[in-house]
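Residue-level listing of the chains:
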Amino acid sequence: MMQGQEFNIGEMIFHHTGDSHELEFEPFGTIHLPEWQPIHIGSLTIDLSPTKHVVLIMLTGLIVYTLLKATAIGVERARKAGRAPHGFSGAMEAFVLWVRQDVAIGNIGHEMGPRYAPLVMSFFFFILVANLLGLLPWSSTPSGNLAFTGALALIAFVAIEVGGMTKLGFKGYMRTIFPPIDGLPPGAAIAMSIFMAPIEFMSKLVKPFALTVRLFGNMTAGHFVILALFGIVFMFGHFGVASWGIGFATALVVLGVMILELVVAAIQAYVFALLTAVFIGLMQHEH
Amino acid sequence: MQNLPAPFQPTLGVAIWTWIVFILLFILLAKTVFPAILKATTDREARIKKDLEDAERLRNETAAMVEEQRQLLASARGEATAIVAEAREAAERERATAVEKTRQEQEELLHRARREIEAERERAVADIRREAIDIAISAAGKVVGARLDAAADRKIVEDYIASIAGGARG
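Sequence order for the protein chains is A and B. When we follow numbering that gives the first Met the number 0, the leftmost residue of the first sequence carries the number 0, and every step to the right adds one. When we follow numbering that gives the first Met the number 0, the leftmost residue of the second sequence carries the number 0, and every step to the right adds one.
Pulled out of the complex, with its shape left as it was, chain A reads as follows (with noise of 0.2 Å):
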């Protein structure tokens, strides 16, 4: 087995977690997605074709429609029958309704909560599907792209910050930036708020930053061991009937961490979600 010399498990972990302008279906085949001209709007050169990943985030984005619609669907027919739902779409309402109550309203507060949820509860389900996706096979997680997580967390960004510039007001809103400090001489009260400002201002970014970051290392992070191990099977694939042993332990080691990743999935999309909800209402909340 000359390959388990050869084999680079960097180099294989980097592939399979990467984006690629491919779908690799092995041993089935590949199929080659389109590669167009890249747009250029001043220095900033743009891509927009189609990778992996913005497969998959199409993908994410039909099934999360497919199946809230079909909860809908089953919700509405259910009220014109004058009862409650049950199977499906009664298991997904009281999840809908939990992320809505618990997580939106409750965090953001009864009065602009309800305006707010519905974003909240897309990115819920939206970066839920996402991350299961990456366990299926052939497949490979969009939440462990960081231009994915950026750009949802700037999503919410843009959310938390015109949510509090409209609730606040300009020069309420101001005042998150400079913040208005008691017990000093006026003077010495505005150079400590200017001195303040910055610090204030990094601390806007750092949240989406920690959003995106928190996200994009969680997936990336399970995929990695899940293909670190797995690659234990190619490393010491020459060792004859031992390598039997080796298989079959790593292979329970990675079920072990897919069951891990199944719990890791669900939790980081509660986790930017309920983030979401608390930031927005953190600023809603600002005096």
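Since the hints were made in silico from the structure, they are not lab data. Glycine included, every Cβ here is placed at the ideal spot set by N, Cα and C. Heads up, a few of these hints could be off.
To be verified - In silico EDC-like cross-links for lysine to aspartate or glutamate, where the CA-CA straight-line distance does not exceed 20 Å:
1) A/K166 to A/E199
2) B/K38 to A/D101
3) B/K30 to A/E199
4) A/K79 to B/D42
5) A/K79 to B/D133
6) B/K38 to A/E75
Said to hold, decoys possible - Some, not all, of what chain A presents toward chain B, calculated at C-beta under 10 Å:
7) P37
8) S42
9) T44
10) A83
11) I154
Claimed, not checked - Computed footprint of chain A on chain B; a stretch qualifies when at least three of its residues, placed anywhere within it, have a C-beta under 8 Å from a C-beta of chain A:
12) 12-26
13) 107-114
Fit chain B to the supplied structure of chain A, relying on the hints for placement.
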């Protein structure tokens, strides 16, 4: 950025696709899906609330009705007792009246019987006396050998008998 491994290279293209897909999904969900689910839930909540209120109202009404029935029953029982007592009293009165009436009738009957006996006795005595006078006159006529004047003789005999009767009574 270029020399970083693949997962750590964010590309603007993926970010833009993420925005397109997510914003589209968000709009679709917010417009068509979430309101439907929420409407059904609020409707159901309202219905359950209404059902509970109806049940509460019915329960109160039933309790009131039961209370009313109980009062009615109690008053009916009191009335029935009063009626029975009154009936008993009336019967008692009736009985007393009947007894009194019977007693009076009996008395009356007795009294009348006594009077009739008395009258009968007096008539019998008068009859005997007349008979005795007739015998006495006929006997005296035979003794004196002549027929005596009936009216005058009768007077004498009557007086005599009266004296005997007076002597006998005295």
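Going down the list of hints, with the structure as the test:
1. A/K166 to A/E199: Roughly 18 Å separates the two Cα atoms, so the pair holds.
2. B/K38 to A/D101: Satisfied, since the Cα-Cα distance of roughly 18 Å is no more than 20 Å.
3. B/K30 to A/E199: violated, 35 Å
4. A/K79 to B/D42: holds, 10 Å
5. A/K79 to B/D133: Distance of about 132 Å is beyond 20 Å: violated.
6. B/K38 to A/E75: Judged against 20 Å, a Cα distance of about 9 Å means the pair holds.
7. P37: Cβ of A/P37 sits 8 Å from chain B, so the hint holds.
8. S42: Hint on A/S42: violated, closest Cβ of chain B at ~12 Å, above 10 Å.
9. T44: holds, 8 Å
10. A83: Holds, about 6 Å.
11. I154: Holds: closest Cβ of chain B sits about 7 Å from A/I154, inside 10 Å.
12. 12-26: Our answer is that it holds, as 13 residues pass the Cβ test (under 8 Å) against chain A, meeting three.
13. 107-114: violated (count 0)
Hints 3, 5, 8, 13, counting from the list given before, are not met by this structure.
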